[in-house]
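Order-wise, the sequence lines are chains Z and G. For the first sequence, full-length UniProt numbering gives the first residue as 1, with consecutive numbering after it. For the second sequence, full-length UniProt numbering gives the first residue as 1, with consecutive numbering after it.
These are calculated hints, taken from the structure and not from any lab test. Heads up, a few of these hints could be off.
If chains are identical, the list can't say which one is meant, so a pair holds when it fits in one copy or spans any two.
Unchecked claim - The calculated DSS-like cross-link candidates involving lysine-lysine, where the alpha carbons are at most 25 Å apart (straight line), are:
hint, residue 1, residue 2
1, Lys74, Lys227
2, Lys166, Lys227
3, Lys253, Lys279
4, Lys141, Lys168
5, Lys25, Lys74
Quick caveat: nothing in here was measured; it's all calculated off a predicted structure.
There are 2 protein chains.
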Amino acid sequence: MLYLVGLGLADETDITVKGLEVVKKAERVYLEAYTSILLVDKEKLEAFYGRPVIVADRELVESGSDDILAGADKTDVAFLVVGDPFGATTHTDLVLRARELGIESKVIPNASIMSGIGCTGLQLYNFGQTVSMVFFTENWKPSSYYDRVKENVQLGLHTLVLVDIKVKEPSLESMARGRIVYEPPRFMTVAQCTSQMLETEEERKEGVYGPDSLAVGAARVGAVDQKLVAGTLKELSEVDMGPPLHSVVLLGKKAHDLERDYIRQFAVDHATFDASWQKGGYGTMQ
Amino acid sequence: MLYLVGLGLADETDITVKGLEVVKKAERVYLEAYTSILLVDKEKLEAFYGRPVIVADRELVESGSDDILAGADKTDVAFLVVGDPFGATTHTDLVLRARELGIESKVIPNASIMSGIGCTGLQLYNFGQTVSMVFFTENWKPSSYYDRVKENVQLGLHTLVLVDIKVKEPSLESMARGRIVYEPPRFMTVAQCTSQMLETEEERKEGVYGPDSLAVGAARVGAVDQKLVAGTLKELSEVDMGPPLHSVVLLGKKAHDLERDYIRQFAVDHATFDASWQKGGYGTMQ
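Start from the sequences, fold in the hints, and give me the full structure.
This is the structure we're talking about:
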């Protein structure tokens, strides 16, 4: 049996009781460690599980899935995924491959950022499609996300913006030299994400949002040091939310008073928050 | 401290290790039991926790929240919510009330149906806004959900349809007589939900979807007997998915081939599935 086990969002104790039982009994335990990270390291997980954990990077999962699945028709293999196995990143390809090999799969769900973002107090019902933001480079500033944000904005819906992480990325320079060296891990911040959003708006000029648009930044959702900040995109582009992982929600105009009351608690500045709420026409589009 | 603890979707072992520690130590433990249910009863939870559990019905949560919060400035109170505390139903009002009383709150996230529906293999990125479907009566068939489905359909997005549950509802007859008797619990099925969807389409006639539109029915997500069925709305309106809880996803035209391959595994009928996919133009709107 292939078990895809969600680990939740923050630390080793966010695994479910059911998931932990699977991990303790599985023949081999893999940790998918390239689309998201827990806020604790592999050693802490191994100590908590009392088991060795094999880190599965993108290469292993995408090209070596048969190694992961080896023997899983007879014994149990656990494939651990930060968040939910079918959350922000879905591992349907691994399940489909298992099926081709005659191996059954079971999923142990857990909190995903896709629903965990509800901790902001914003109603999940009022969210439109989720978008993701990659690190811009000098020559590559993809803005297709902006079209989807536009669709949400026109409907008055909130947009969850998931931000880029780079784990074990080969440096271009080293690839050119033929000997691969990996870049240090990078995690996009709320400030970087909102700055890039404003950069795209300046480029595209379709008035989808602006420096005064309200948004919520979330850091380390579910952790003891979880941090939420509400403010204008301008304010958030200057905020320091601390260590990863971060996410951003662009507020939709359908936001209602209970949502306002909740996020106002953690506004950067109550005066600019209230002014932007008023000026932006939030709460008027029900 | 007020702890809002997510219980996940299926049984007592879906609580996280972190959540279980909180429950074992809290002074009082409440179970919110009117917006969703676990597939196990209160006694099973109490045996698993080794603690008594107080069932909190709508009346207690909405009118008696100060009873729930009593003493939580000095001791710990655990408020258990099926799914995630800020998932489909948010308990922001309880947190805000706690704050007014000077009581701190912490949320222990867990799987919510809002992300758990990813188990269908449909990408959460491709979902638009979530809608909910109430039980139609002879004279009350609210169709405002249809407008939101229309918005999603126009953008090619999937729609998660959460279905009604009725737990501890007073019977109208008994209320008229002045002595309240509660109706037996009712849980909407995939068949009922899709039938009502077709009824609304017949009424509104805006061509948002039709009997041949593809959808996925999900029952008991995360449980050992989880069941997924893909088919046309017509097919799903006749399907028996077994015990609650059920959900429906109306497929958007942006569905891509990997999503098709995944849901096709559990199609009611491969021939009608393939024909509807082709005829409906799924996969053509990228």
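Hints, verified against the model:
1. Lys74 <-> Lys227: The answer is between: 24 Å across copies meets 25 Å, while 44 Å in one copy does not.
2. Lys166 <-> Lys227: For Lys166 and Lys227, the Cα distance is within 25 Å only inside one copy (22 Å; across copies 36 Å).
3. Lys253 <-> Lys279: within (11 Å within a copy, 36 Å between copies)
4. Lys141 <-> Lys168: So Lys141 and Lys168 pass the 25 Å test inside one copy only (21 Å; across, 54 Å).
5. Lys25 <-> Lys74: within (13 Å within a copy, 40 Å between copies)
Checked against the numbered hints above, the structure breaks none of them.
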